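Visitor: Sequence order for the protein chains is A and B. Heads up: the first sequence is residues 1 to 79, going by the numbering used here. Heads up: the second sequence is residues 1 to 375, going by the numbering used here.
Misleading hints may appear alongside valid ones.
[Stated by the list, open to error] Beta-carbon label-pair distances, calculated as ranges:
(1) 63(A) / 224(B): 48 to 56 Å
(2) 63(A) / 108(B): 25 to 33 Å
(3) 257(B) / 42(A): 40 to 48 Å
(4) 78(A) / 211(B): 38 to 46 Å
(5) 42(A) / 323(B): 17 to 25 Å
(6) 63(A) / 324(B): 25 to 33 Å
Hints in this document: simulated from the structure, not taken from any laboratory. Quick caveat, the model's predicted, so the values are computed rather than measured. The beta-carbon is built from N, C-alpha and C at its ideal position, and this holds for glycine as well.
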Amino acid sequence: MSADTPVEVLNCLGQRCPLPVIALAKRLPAVPVGAVVRVLADDPAAAVDIPAWCRMRAQEYVGAIAVDGSPAFDVRRLA
Amino acid sequence: MYFDAATATPLHPAAREALLGALDDGWADPGKLYTQARRARLLLDAARDTFAQVLGVRPDEVTFAGSGSTAAHAAVLGGLAGRRRAGAALVRSAIEHSAVLHAGERHVRAGGTETAVPVDRLGRVDLDAWAQAVSAPGVALAALISASHEVGTVQPVAAAAAACREAGVPLYVDAAQSLGRLSVPDGWSLLTGSARKWGGPPGVGLLVVRKGTRWVSPYPADDRESGRFPGAPDLPAIIAAAASLHAVHETAAQEGERQSELVDRVRTTVAATVPDVEIVGDPVDRLPHVVTFSCLYVDGEALLTALDRRGFAVSSGSACTSSTLQPSHVLAAMGVLTHGNIRLSLHRDSTAEQVDRFLAELPGIVAALRAEVGM
Ligand SMILES: Cc1ncc(COP(=O)(O)O)c(C=O)c1O
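Chain B with its partners taken away, still in its complex shape (with noise of 0.2 Å):
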């Protein structure tokens, strides 16, 4: 029983045919002067614009990028590079995704600086803070994840962009998500994604840099992607993206509320079920397919392997399950519960029964877990 959407999702059967079909066709390099390059070139023009048409962007606003991650990067220090003039400043949330973070370490050992705005309790970015932090003199870009990955808690996206409308700064978005599931309101100048969260296979990311944007690379110069993003583009993933994102989006709010019914009873249960527990993120303005919680006293790392021994796969953002054993940056910056802690995110493949069986099985686990430690 796979629960961890949120970090890469079942290839959706629409990008599965799209990649089969692309092997075949979209292999040549589609910048060349030959038949078979113009056939590469139409299907990676046909494919911008299917992204165009979801995002409501114009074709030549959207960059396809080798990952999400990437494409944060992108966004982040080419919005940077693109504003130098106005200043060095950068804003973010405190709970951006680590590629957001690092390329923000990456502009602040460069010499320039950073403000992290505070969330509350529930994971929501503290709203005038955020139009004093743009406000300030010398602040080139503001950086808002749409929601978060770690406990789905959207982000007030309006009321952020419209406080950087009146600083004059402008906004990214990385939407990585929210795409294929929720609407972004509009507002922004830079956003990014990620194929593998909504279905597309993993490696294709997503940036669109709207008409105006003051941009600039910051990659050693290469031509493709209008300038924007190095290397040869993976012409048939991003051909899968496309078909993905499309098949997706036509059964986004169904899809969405099914999934969001299946988190409302993961939230009640798990509450009811397990003594010691905390749910995280907002109950209500939350993505439909992410529910976050933290066990007290239990090692994130047991309980991660004990759910895989009987077969869910969850993410975890406890510390012992990190690279750094540092626990979640997102966790911390709500102040709750970082140890015990598991993520569940679902997708189209999800039901009820998986589940009414994790629903089952969880509170036993944990009691053992417990129990180990005398607690």
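The following block holds chain A by itself, in its conformation from the complex (with noise of 0.2 Å):
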């Protein structure tokens, strides 16, 4: 298992923003530091939205695969 791999993977699809933020805002402290956390978002806003929250709640945007055809976003705990 890679540093990568995701330890959790919320799913949020058919949410509209900003639940899928939320739901990861919510979830995030409880991984382990340097952990990461898969969102599957398919709100057009999540790929905007998850990596700004990244940025201004100081967490690292891993970025973004497509899971079984959905959008889905990495992220890792920073503190």
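Dock chain one against chain two, each of which comes alone in its own frame, and use the hints as you go.
Guide: This is how it looks when you write it as structure tokens:
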């Protein structure tokens, strides 16, 4: 398992922003520092708002990928 | 408390007075050959002269259109049509108004191409990318907004115009948010505006086509407005637009400074009193009347509704407030938070007391909305 393998996947498909960001903000503090959380989110705002949240909250935005055809966003807890 | 002047500014007293007078005087068709028509023609010519004088252009370069949006459509589609022999590529910034975007979509559907030039985090167009895009082969027209209607950032129009000149590409500037407030640098071939943004009535757009610009009307033939914009012009509204432009132009420096100080107050106070907020746009090189920020974890529509209930009229770029449910393309291009977004835009009737009331109520409203979602 690489350092980038998510320890947790949040399924926010079908949820409108800001709900995926709220789910991420609630969940990230519960994983160890250095761990990655994956957010599945198909709301078009998520692709902008998840990286923006990482910048504002000083967490690491690892990147976007497609999981089974759905957009997914990986975030690493830095602190 | 009305804070949405960037959409529509309350009618300026000079516009109101001119409009009431013109309802009695300006109803006849200025194109006909009888006394009433000649009177209407004189009024239309005088309005055109006022615009020309304020803008520093020739009267015959000024065309009245039905709105800022239709003027933008005419500028883009007419500018592309006039340069068909040079190519079919449109270059535009990523943060143009939707009217420019939609005109570009039509151009692409008709077989043309389009390049969107990115902006930085503050919403300023990337000049290197711009220069590269306009110097590519086959570029017919380049379009740059004078200042962002969503975040207020003033664009480097002079430098963008220099790159266009070097490439031999005409520049269209959408100056809707600047006219009557800030001067627009020279170097453009086409410019548009919208009277309701400076205190004129809705339904008056402005299209300026500089001499020597290759521009071909995208509309079916019509001889009104020198063949540039079809249909009978709304003469009373145009007269009111001219009167208000003249009036706001006179006081622009002073009013701009006053509004800009209020915007500074909003920027610093919101950053200090609302946690997890992102104030967006350039803090200095910006429109005097526009301030935009985004609040984490807050639904933009819920925020608008809560503010409206307290008597504050503002605008939002958040997806939930748009008919398409897409987040603002401007905020997305900047890479800033799109949810919980609010734009305040001030006008001559906006007072420090109103702004302070907004600033006093905002933190509680945001906190209550966050509490509802457990944040
Ligand atoms: C920059 C810009 N361009 C064009 C327009 C369109 O003007 P109008 O509302 O008169 O159609 C607006 C107003 O929304 C604007 O802000």
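Visitor: So, for every hint listed, does it hold in this structure?
Guide: Taking the hints in turn, this is what the structure says about them:
1. Checked against the hint of 48 to 56 Å, the C-beta distance between residue 63(A) and residue 224(B) comes to roughly 55 Å, which is consistent with it.
2. In this structure the hint that residue 63(A) and residue 108(B) lie 25 to 33 Å apart at CB holds, the actual value being about 29 Å.
3. The given range of 40 to 48 Å is respected by residue 257(B) and residue 42(A), whose C-beta atoms sit roughly 46 Å from each other.
4. Separated by about 58 Å at the C-beta atoms, residue 78(A) and residue 211(B) break the suggested range of 38 to 46 Å.
5. Distance hint check for residue 42(A) and residue 323(B): the Cβ-Cβ separation is about 19 Å, which falls inside the suggested range of 17 to 25 Å.
6. Checking the proposed 25 to 33 Å range against residue 63(A) and residue 324(B) shows it holds: the Cβ atoms sit about 26 Å from each other.
The structure is inconsistent with hint 4 alone, although it conforms to all the rest.
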